[in-house]
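Asks: Read top to bottom, the protein sequences are chains A and B. Residue numbers for the first sequence follow our numbering, so the first one is 1 and each next one is one higher. Residue numbers for the second sequence follow our numbering, so the first one is 1 and each next one is one higher.
These aren't lab readings, by the way, just hints derived from the structure by calculation. Think of the CB as a built atom: it goes at the ideal place given N, C-alpha and C, for glycine as much as any other residue. Hints should not be assumed to be uniformly reliable.
Derived coverage of chain B by chain A (criterion: at least 3 residues anywhere in the stretch with Cβ under 8 Å from a Cβ of chain A; other residues may be distant) [said to hold, decoys possible]: (1) 199-209; (2) 245-255; (3) 448-461; (4) 477-491; (5) 561-570; (6) 584-593; (7) 615-621.
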Amino acid sequence: MATVVELPVVPPPLPVGWTAPAGSGKPISSLVERRLLPAGPAYLAHVRRAVHNLTFEQHDK
Amino acid sequence: MAPQPNGTADAPIEVSSIPTVVGINFGNSYASIAVLTKEGSADCIANEDGERQIACAIAFQGEEMYIGNQAKHQLVKNSQNTITGFRNLLGKKFSEIPANKLSVKDSPGSTDAPAHYSVQHPAASHAATPRSEPIPAERVLTVSEVTSIFLKSLIQSAEAFLGKQVQGAVITAPSWFDQAQKDALEKAAVDAGITVLQLLEEAGAAAVATTTGPQPEELPLDRTQLLVDLGASALSLSLLSIREGLAYSLATREDHTVGGDAIDDKLIKFFAKEFTKKTKTPLVVSPATDAQDKRAEAKLRLAVEHTKRTLSASPGAATCSVESLKDGLDFTGTITRLRFDMEVRSIYDRIYSQVQELVADAGLDLYDVDEIVYVGGSASLPGLDEALAQGFAESVVTPFTSGTVVGGGVGDPTTILARGCALQAKILATLAEGTEEEREVKASFTHGHQYTRAKATSKTIGILFPEENAGEGSLDGQWIPVVLRETPVPARRTVAFDVDLGEGEGEKKVGFEVWEAKEGIKMEKVKPPKDEEEEEVPADDSEEPEEEEEDIEVKERTVEKENLLTSLVFTAKEGKKTQGRWTTKVEVQFVVRENGAVEISAREVGKSGKGEKTVVRVPTA
Ligand SMILES: Nc1ncnc2c1ncn2[C@@H]1O[C@H](COP(=O)(O)OP(=O)(O)OP(=O)(O)O)[C@@H](O)[C@H]1O
Ligand SMILES: [Mg+2]
Chain A
1 MATVVELPVV
11 PPPLPVGWTA
21 PAGSGKPISS
31 LVERRLLPAG
41 PAYLAHVRRA
51 VHNLTFEQHD
61 K
Chain B
1 MAPQPNGTAD
11 APIEVSSIPT
21 VVGINFGNSY
31 ASIAVLTKEG
41 SADCIANEDG
51 ERQIACAIAF
61 QGEEMYIGNQ
71 AKHQLVKNSQ
81 NTITGFRNLL
91 GKKFSEIPAN
101 KLSVKDSPGS
111 TDAPAHYSVQ
121 HPAASHAATP
131 RSEPIPAERV
141 LTVSEVTSIF
151 LKSLIQSAEA
161 FLGKQVQGAV
171 ITAPSWFDQA
181 QKDALEKAAV
191 DAGITVLQLL
201 EEAGAAAVAT
211 TTGPQPEELP
221 LDRTQLLVDL
231 GASALSLSLL
241 SIREGLAYSL
251 ATREDHTVGG
261 DAIDDKLIKF
271 FAKEFTKKTK
281 TPLVVSPATD
291 AQDKRAEAKL
301 RLAVEHTKRT
311 LSASPGAATC
321 SVESLKDGLD
331 FTGTITRLRF
341 DMEVRSIYDR
351 IYSQVQELVA
361 DAGLDLYDVD
371 EIVYVGGSAS
381 LPGLDEALAQ
391 GFAESVVTPF
401 TSGTVVGGGV
411 GDPTTILARG
421 CALQAKILAT
431 LAEGTEEERE
441 VKASFTHGHQ
451 YTRAKATSKT
461 IGILFPEENA
471 GEGSLDGQWI
481 PVVLRETPVP
491 ARRTVAFDVD
501 LGEGEGEKKV
511 GFEVWEAKEG
521 IKMEKVKPPK
531 DEEEEEVPAD
541 DSEEPEEEEE
551 DIEVKERTVE
561 KENLLTSLVF
571 TAKEGKKTQG
581 RWTTKVEVQF
591 VVRENGAVEI
601 SAREVGKSGK
611 GEKTVVRVPT
621 A
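Put together the whole structure using the sequences plus the hints.
Replies: In structure tokens, the structure reads:
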């Protein structure tokens, strides 16, 4: 299951007249290549999702 | 199977839910063994001699063979038949071994032959041997054979403890081992009859140990961890990105000039001086040239082991005692922690500067480090933590500040690697191998497997709740980071919190912007708070000339909005009114796909359960 992190913050109400702005249309910055340490339950879950081609929801089940 | 007189020879395959597997930390100087507990954690065990840190040493004396700390003690009188420091020589040829490794005997043949030792070890004579038939005494052992003998003894200790046959082991390998060295280590273990579940990089073992089980509450699941491994012969540093248990190195560094051996050098010099002062007998050590001094140095080296452990364990003074150190004179000296820290100050300083360079190599600042983890025997010294901690943010979590080092706690640097290996062994022992996919999953734990390659985010993405007149430096609202930079993808993060909906009645909306942020560190020079200073430094100010008060550097993490990705808004239906204000609980989820596309969803969590999701997307390039 997804870990839900409870945060001790209470964001303020929306300013009067605020309208949701459109995004820049740009994607997130380029991803970088890294080498995972093949260890621990999180790595196992990561590989399982990749090998069985599962989304997070499918893997939760 | 018929019961055998001395218990059963074969271990039953599945006796309980806990697999009979072990973790082995195989250092160049010391090894340790961990087993799984009923509670699901891992514990280091002691061998038959009651040692948890088992010296990687084998000695031959007459027909006897000693292994571990007993063998190490033979270094004084029987050094030519005592083998130490063999782990680092695995997979090496004669030609590759530094000349100062004198314990390796010269090769009779080519320098390309695998390194070996030759020792005096007459075979045990069972029957009375006729005098005329000499017993061959010279025994030639390759580094690999020595390793096999040693690893086998570790497994035997574990089996004696468990009362069962060990079914598999995860063994540490230093990150700098090349493929030939790893192959040699694996072969030596297999030759010892061990089922090697995985050779695990030391940083991996530490990551598993520190992300499994209860952790300090103040540590987030996504964090930057500094690993400081100070062994006997080297310092090894890793800066790890840990993201919900998934870990990788941002930077690594090795330094072979500092470690326990270098600490010993300082300490034995200190005690040798003391000895000379007390007895008027000259003693020159590290290096010693005179044969007598050499032997005295070997004795001191063994003795300071105890001194160091006492210094780590308790704040009082520690002693060093050697019988007949030189010229038949006994020696007992003491050293306080304060004095010790002074003697080894240059080593701590060196480590600190290496840490600074490591963090700079990763493009980060010491203030970006959330946690320091200490590994290795020499990292048990509290003075090291004190020396390092000053450069980090006050919030940095170390096992010394959390109090988990004492009494063999979870932060004990001498047991982390073995425990991490045992926990990893548990995972591997339960993996199925029935289908091709399952076998592929299992194979992904081998070194350099394609699944270890991953893409990660390079900037933090999060949400911003706009706010009027939010004030300077506030990003015009409330910022909540959700997926941190250096998070492997695919990634999913879910956060939940209450949102203020204001006082008014009528329709209420929840809305936020999704940004990619630029993070940094701001440094400011500020005057030290005057009043306090004066209170802390009483009367004797007047005696010394007033020193010009130096500005103190204050560092702070900074965040700037960089790229507005999208925004999301929905109508709140589950608001509750308390003390005149409406609030509602909101859950926001980010999923970053492998191609960099992001899906952001938000919903209310109210009395009637989880509400409808509102979803927005950031496409990939
Ligand atoms: N409690 C302690 N306090 C201080 N020093 C200690 C303590 N326990 C062990 N040491 C020292 O730590 C060193 C051994 O550390 P460790 O077992 O991590 O080394 P290793 O991994 O085998 O060797 P290396 O990493 O150098 O190859 C020795 O110098 C030993 O004297
Ligand atoms: Mg080590």
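Asks: Look at each hint and say if it fits the structure.
Replies: Verification of the hints:
1. With 7 residues having a Cβ less than 8 Å from any Cβ of chain A, the region 199-209 of chain B passes the three-residue criterion, so the hint holds.
2. Coverage of a stretch by a chain is defined here by at least three residues with a beta carbon nearer than 8 Å to that chain's beta carbons; for the region 245-255 of chain B and chain A the count is 5, and the condition holds.
3. Proximity of the region 448-461 of chain B to chain A, defined as three or more residues with a beta carbon under 8 Å from a beta carbon of that chain, is established by the 11 residues found.
4. For the region 477-491 of chain B, the assignment as covered by chain A holds, since 7 residues bring a beta-carbon within under 8 Å of that chain's beta-carbons and 3 suffice.
5. With 7 residues carrying a beta carbon less than 8 Å from a beta carbon of chain A, the region 561-570 of chain B meets the three-residue requirement, and the given coverage holds.
6. Coverage of the region 584-593 of chain B by chain A holds. Counting CB-CB distances below 8 Å, 4 residues qualify, and the rule asks for three or more.
7. With 4 residues bearing a CB less than 8 Å from a CB of chain A, the region 615-621 of chain B meets the requirement of three and the coverage assertion stands.
In terms of the numbered hints stated before, the structure departs from none.
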